[in-house]
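Chemist: So the chains spell out like this:
Number of protein chains: 2
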Amino acid sequence: MDEKQIMELENTRAQMRKGILEFCILLVISKGKIYASDILKKLEKTDLIVVEGTLYPLLSRLKNAGLLEYTWAESKSGPPRKYYKLTKKGKEAVKQLAITWNKFNKSINSLINKIDQ
Amino acid sequence: MDEKQIMELENTRAQMRKGILEFCILLVISKGKIYASDILKKLEKTDLIVVEGTLYPLLSRLKNAGLLEYTWAESKSGPPRKYYKLTKKGKEAVKQLAITWNKFNKSINSLINKIDQ
DNA sequence: CCTAGTACCTTGCATTACAAGGTAGGTTGT
DNA sequence: ACAACCTACCTTGTAATGCAAGGTACTAGG
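Chains as they are written, first to last, in the numbering used here: chain L, 625 to 741; chain Z, 625 to 741.
Just so you know, the hints here were simulated from the structure itself, not pulled from any lab data.
A couple of the hints might just be wrong.
A pair counts as met if it fits within one copy or between any two copies, since identical chains are not told apart.
[As the list claims (entries may be wrong)] Quick list of in silico lysine-lysine cross-link-like pairs, DSSO-like style, CA-CA up to 30 Å:
#1 719 with 700
#2 706 with 628
#3 700 with 628
#4 730 with 700
#5 642 with 709
#6 628 with 719
#7 712 with 730
On a predicted model such as this, the values are computed, not experimentally measured, just so you know.
Turn these sequences into a full structure, and let the hints steer you where they fit.
Modeler: Set out below in structure tokens:
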């Protein structure tokens, strides 16, 4: 596979990653209060590389949409942290997105299965 | 849920859709020669709404990346059609993307399961 | 008081999905 | 013959957004 094809493959992978990013961030936050840097670490563990410049604007968007809220908390080793958690409506949104995810998953699996036939 | 949250939810769904778009198009083409308008119809059946303005540039990108190739064919009812099929390297890319997809799927399921606990 | 570490956020760029509009070949009705 | 319509290709302009890079500010340790 030459460079161009590898690039395209990486690009498509990146697209997939982007698509599930918001969903994954909401999932991580749904597990309990957490602040930005720790969200980054959690996502790395699940093979989802995200960087600060992506995460902060995204958290703001989700907060402005009413899905998240935050409280400030002091830290023992540095500046204060914004701890995010889901609002009631955020929790509902996560449920809806999980349903959507399953639907897409079924669509893709049906396409994959048809190849194997 | 008020309008803003619904919009955000729709937006996130749209992001998911975008992320798997290229993959799904490659999957559809992997099933055999097909032309653009029929790709649109197939994708609609699997809940993936795509429009012409999205599909044509995407097919060009994938062709330029060496994943697709096409042949012209006459039609009985209209202008000639471009029938696309995967190149050898396109087939390899589809396999790789299927692996990537499964990985993301596992990541998300592990996140979802942890909520339920 | 300077360096290092942590944590927040913004700016500018590139990519890309989509709405809208454009070109052109074929068929049908009059 | 020609108008109206359908099919099929493609392009242009806009808006959204992920990311690299850079910026601000608080704390702790020497």
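Chemist: Would you list, in rising numerical order, the hints stated earlier that this structure does not obey?
Modeler: 1, 3, 4
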